[in-house]
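Visitor: Residues per chain, in single letters:
Protein chains: 2
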Amino acid sequence: MVKNPEHRAWQVLSSEYLGNQPWFTVRKERVQLPTGVVVPEWYIFEFPRWVQVIAITKDEKFVMISQYRHGLGATNYELVAGVCEENEDIEQAARRELLEESGYGGGEWREFMHACPNPTNHNNIAYTFLAVGVEQVSEQNTEPSEDIDVHLLSREEVRYLLDNNMIIHGLHSAPLWRWFAENR
Amino acid sequence: MVKNPEHRAWQVLSSEYLGNQPWFTVRKERVQLPTGVVVPEWYIFEFPRWVQVIAITKDEKFVMISQYRHGLGATNYELVAGVCEENEDIEQAARRELLEESGYGGGEWREFMHACPNPTNHNNIAYTFLAVGVEQVSEQNTEPSEDIDVHLLSREEVRYLLDNNMIIHGLHSAPLWRWFAENR
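Quick mapping for you: the protein sequence lines, in order, are chains F and A. If you want our numbering, it's the position in the first sequence, counting the first as 1, plus 881. If you want our numbering, it's the position in the second sequence, counting the first as 1, plus 881.
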């Protein structure tokens, strides 16, 4: 229905890594636009694929979490989310994260949407799954650096949080707003 | 209606800047969780406030743009967006960006939503404005590093792009999905 926009890629004149470890793999590049303009320093933050889950229980509660987030210095409601390992299937990664962070599993799963955190300077995609009819199947089993509370929220409570910008993570509010646009 | 989640902030044990320039201001911190666990390296990417605009003309066309994005290496449809200068009002910054990137202005403006690109490792907020009844008031006036096409898309075309994950920028799809959740 809508055509793809014209793609005028930049040419990489030089490229160096400033760091190469989890959560800090950064390339600095000198680039040239098709217009001829040279940008001497462009920074690209490399991350693996991320996965996220809108998980809804059989009695229609959304399985949400909260945790302190040191970038923003704030604690807000979020979706269960995590990193997909290099050779891991994205749905398996999403199921694993839901189980680890909340203890919930089962249900009917489908890929729901995907988004890039910021195509300007990120190279990765966050894949969101919709899991309907999940139930608690184990205890939470998080990593030592994770300190996560689980919340079962009604549809009205999730909508209230969205309406009031209380789900501050843009990669999480995007699929939740999509869910509300599609489910009235 | 929903309580704020419990806030268990981390303690910063040490902090150093790895870089301090536009688009690469990065802090590396050694932190301690309230649980006692020490995380030796946490990276925080600092950015200024960002602004974005859902701009709709008098004849109900969405003013969208497209540009090559070197992080993802892709060209997709996007909202007009940019950086708010340090002492600039966010609405003025959004009006300035709309004028520079598209040549559109005027209309009725209101703050529509805000989101953080990623509270894990970003310290900033992107503020989205809804501008209704805009019209072309000048030519596009972009910076040398910007190579931007302007597109006037119908509501149905924007929804098609969202439905098919063709607005890949999560900070842009979030407010657009909100608009569709609120306008049926």
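Don't read these hints as lab results, they were simulated from the structure. Bear in mind that the values here come from a model prediction, so they are computed numbers and not experimental data. Mixed in with the good hints, there may be bad ones.
One copy or any two copies: either way a pair holds, since identical chains are not told apart in the list.
Listed below are the simulated DSSO-like cross-link pairs for lysine-lysine, each with C-alpha atoms no more than 30 Å apart in a straight line [to be verified]: (1) K909 to K939; (2) K939 to K884; (3) K942 to K909; (4) K909 to K884; (5) K884 to K942.
Visitor: Take the hints in turn and mark each one as holding or not.
Guide: Here is how each hint holds up against the structure:
1. K909 to K939: Classified as neither; 48 Å inside a copy, 43 Å across copies.
2. K939 to K884: Classified as between; 23 Å across copies, 40 Å inside a copy.
3. K942 to K909: For K942 and K909, neither the intra-copy (44 Å) nor the inter-copy (38 Å) Cα distance is at most 30 Å.
4. K909 to K884: Neither: 32 Å inside a chain and 42 Å across chains, both beyond 30 Å.
5. K884 to K942: This pair counts as between: shortest inter-copy Cα distance 16 Å, intra-copy 39 Å.
Hint compliance for this structure: hints 1, 3, 4 are not met, and every other hint is.
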